[in-house]
Amino acid sequence: DAEITQSPRHKITETGRQVTLACHQTWNHNNMFWYRQDLGHGLRLIHYSYGVQDTNKGEVSDGYSVSRSNTEDLPLTLESAASSQTSVYFCASSSSGSTDTQYFGPGTRLTVL
Amino acid sequence: AQSVTQLGSHVSVSEGALVLLRCNYSSSVPPYLFWYVQYPNQGLQLLLKYTTGATLVKGINGFEAEFKKSETSFHLTKPSAHMSDAAEYFCAVSPMNTGNQFYFGTGTSLTVIP
Chain A
1 DAEITQSPRH KITETGRQVT LACHQTWNHN NMFWYRQDLG HGLRLIHYSY
51 GVQDTNKGEV SDGYSVSRSN TEDLPLTLES AASSQTSVYF CASSSSGSTD
101 TQYFGPGTRL TVL
Chain B
114 AQSVTQLGSH VSVSEGALVL LRCNYSSSVP PYLFWYVQYP NQGLQLLLKY
164 TTGATLVKGI NGFEAEFKKS ETSFHLTKPS AHMSDAAEYF CAVSPMNTGN
214 QFYFGTGTSL TVIP
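Note that the protein sequences, when read in sequence, are chains A and B.
Numbering follows my numbering, in which position 102 of the first sequence is assigned residue number 102; successive positions increment by one, without gaps.
When you read off a place in the second sequence, starting at 1, and then add 113, the result is the number in my numbering.
Please keep in mind that the hints were generated in silico from the structure rather than gathered at the bench.
Please note: incorrect hints may appear among the correct ones.
[To be verified] Some, not all, of what chain A presents toward chain B, calculated at C-beta under 7 Å:
| id | residue |
| --- | --- |
| 1 | His10 |
| 2 | Asn31 |
| 3 | Gly42 |
| 4 | Leu43 |
| 5 | Ser49 |
| 6 | Tyr50 |
| 7 | Gly51 |
| 8 | Asp73 |
| 9 | Pro75 |
| 10 | Thr101 |
| 11 | Phe104 |
[What the hints assert, rightly or not] Distance windows between CB atoms, simulated:
| id | chain 1 | residue 1 | chain 2 | residue 2 | range |
| --- | --- | --- | --- | --- | --- |
| 12 | A | Ser83 | B | Glu177 | 29 to 35 Å |
| 13 | B | Leu169 | A | Ala82 | 44 to 50 Å |
| 14 | A | Thr86 | B | Ser141 | 33 to 39 Å |
| 15 | B | Asn154 | A | Gly40 | 14 to 20 Å |
| 16 | A | Ala82 | B | Pro153 | 23 to 29 Å |
| 17 | B | Ser122 | A | Thr101 | 34 to 40 Å |
| 18 | B | Ser183 | A | Asp38 | 32 to 38 Å |
| 19 | A | Glu14 | B | Ala167 | 15 to 21 Å |
| 20 | A | Thr55 | B | Ser183 | 21 to 27 Å |
| 21 | A | Arg9 | B | Pro227 | 44 to 50 Å |
[Said to hold, decoys possible] Below 25 Å or equal to it, Euclidean Cα-Cα: the simulated DMTMM-like pairs (lysine to aspartate or glutamate) are:
| id | chain 1 | residue 1 | chain 2 | residue 2 |
| --- | --- | --- | --- | --- |
| 22 | B | Lys162 | A | Asp62 |
| 23 | B | Lys162 | A | Glu3 |
| 24 | B | Lys162 | B | Glu179 |
| 25 | A | Lys11 | B | Glu201 |
| 26 | B | Lys181 | A | Asp100 |
| 27 | B | Lys171 | B | Glu184 |
| 28 | A | Lys11 | A | Asp38 |
Every residue gets a Cβ at the ideal spot worked out from N, C-alpha and C, and that includes glycine.
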């Protein structure tokens with residue numbers, strides 16, 4: 001069955017370190033998204049991609065970067081982790097078009113000390 | 114920018130009672146509308162969505178939602194709550210002709226009292 005996976009599921013890091021969160025989907029979807037989930041804010045879009053070599057900034061992109069070298073993967077990098085980036089991160093993917101369902105991964109809980 | 118409002122960050126209902134979770138959007142052009150559910154320590158799962166056609170849409174687990182253009186609303190209902198419905202519920206909108214960007218509400222935590 002097609003799926004979307006995230007790794008690691010839990011990560012503890014220190015302020016200033018570079019961190020990369022992995023997202024892999026086997027749906028063969030064009031669109032991939034990264035969100036962060038924080039109490040009182042719901043899910044907020046960090047970055048998204050509509051295809052290979054395409055990346056776009058979302059609502060809360062400062063301090064984060066992504067690259068899309070193939071269809072299956074969209075890794076999220078925190079260049080220099082800050083305590084404000086402690087959050088739960090979700091990756092999602094969808095086929096294309098405004099009506100398509102986004103399918104979510106299980107999430108990565110990141111703690112920055 | 115799109116705005117999605119979910120009234121009530123916490124809702125409690127008795128088992129067997131009606132569930133009503135509210136969602137309003139701000140847009141002069143109706144977007145596509147979605148409801149997702151999140152169980153503890155899991156990702157989001159689609160409950161139902163409205164794109165075109167019949168304004169009352171049925172989803173999984175007995176949930177349904179009605180799109181009301183005049184009220185810019187897409188409220189989620191279930192006639193009889195089960196203990197297993199306890200979860201976080203998110204309303205999301207996807208504006209037309211903007212790719213597949215979603216804007217999420219802040220979520221409503223549903224508690225079911227036995």
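Evaluated hints:
For histidine 10 of chain A, the suggested interface contact is broken, since its CB lies about 10 Å from the closest CB of chain B, more than 7 Å. Evaluation of the asparagine 31 of chain A hint against chain B yields a held restraint, the C-beta minimum of about 5 Å falling below 7 Å. The beta carbon of glycine 42 of chain A comes within 4 Å of a beta carbon in chain B, closer than 7 Å, and the hint placing it at the interface holds. A hinted interface residue such as leucine 43 of chain A counts as satisfied when its beta carbon comes closer than 7 Å to some beta carbon of chain B; here the least separation is about 4 Å, so the hint holds.
The interface hint given for serine 49 of chain A is violated, since its Cβ lies 10 Å from the closest Cβ of chain B, which is over the 7 Å cut-off. Look at tyrosine 50 of chain A: its Cβ gets to within about 6 Å of chain B, closer than 7 Å, so that hint holds up. Here the hint on glycine 51 of chain A is broken, as its CB sits about 11 Å from the closest CB of chain B, past 7 Å. With 7 Å as the threshold, the beta carbon of aspartate 73 of chain A stays out of range of chain B, its nearest partner Cβ sitting at about 17 Å, so the hint is violated.
Look at proline 75 of chain A: its Cβ only gets to about 18 Å from chain B, farther than 7 Å, so that hint breaks. Because the smallest distance between the Cβ of threonine 101 of chain A and any Cβ of chain B comes to about 5 Å, under 7 Å, the interface hint for this residue holds. Taken as an interface hint, phenylalanine 104 of chain A checks out: its beta carbon lies about 4 Å from the nearest beta carbon of chain B, inside 7 Å. Range check, serine 83 of chain A to glutamate 177 of chain B: Cβ separation about 42 Å, and the 29 to 35 Å hint is violated.
Between leucine 169 of chain B and alanine 82 of chain A the beta carbon distance is about 45 Å. The supplied range of 44 to 50 Å therefore holds. A hinted range of 33 to 39 Å holds for the C-beta pair threonine 86 of chain A and serine 141 of chain B, which are about 37 Å apart. For the pair asparagine 154 of chain B and glycine 40 of chain A, the beta carbons lie near 19 Å from each other, so the given range of 14 to 20 Å is met. Under the hint 23 to 29 Å, the C-beta atoms of alanine 82 of chain A and proline 153 of chain B, about 27 Å apart, fit the expected range.
Hint check: serine 122 of chain B to threonine 101 of chain A, Cβ distance near 25 Å, so the stated range 34 to 40 Å is violated. At roughly 33 Å, the beta-carbon separation of serine 183 of chain B and aspartate 38 of chain A lies within the given 32 to 38 Å, and the hint holds. A beta carbon spacing of about 53 Å between glutamate 14 of chain A and alanine 167 of chain B contradicts the range 15 to 21 Å that was offered as a hint. Judged by the Cβ atoms, the range 21 to 27 Å given for threonine 55 of chain A and serine 183 of chain B is violated: they are separated by roughly 39 Å.
Against the hinted window of 44 to 50 Å, the Cβ-Cβ separation of arginine 9 of chain A and proline 227 of chain B comes to about 31 Å, which falls outside the hint. Annotation: proposed proximity of lysine 162 of chain B to aspartate 62 of chain A is violated, straight-line Cα distance about 31 Å (limit 25 Å). Taking the CA atoms of lysine 162 of chain B and glutamate 3 of chain A, the gap is near 20 Å; set against the 25 Å cutoff, the hint holds. Only pairs whose Cα atoms come within 25 Å are accepted, and lysine 162 of chain B paired with glutamate 179 of chain B is accepted, the gap being roughly 10 Å.
For the hint linking lysine 11 of chain A to glutamate 201 of chain B, the alpha-carbon distance of about 23 Å falls within 25 Å, and the restraint holds. For the given pair, lysine 181 of chain B sits about 21 Å from aspartate 100 of chain A by alpha-carbon distance, which is consistent with the 25 Å threshold. Of the pairs offered as hints, the one joining lysine 171 of chain B and glutamate 184 of chain B holds, with about 20 Å between alpha carbons and a cut-off of 25 Å not exceeded. This hinted pair checks out: lysine 11 of chain A and aspartate 38 of chain A have alpha carbons roughly 16 Å apart, not beyond 25 Å.
The structure is inconsistent with the numbered hints 1, 5, 7, 8, 9, 12, 17, 19, 20, 21 and 22, although it conforms to all the rest.
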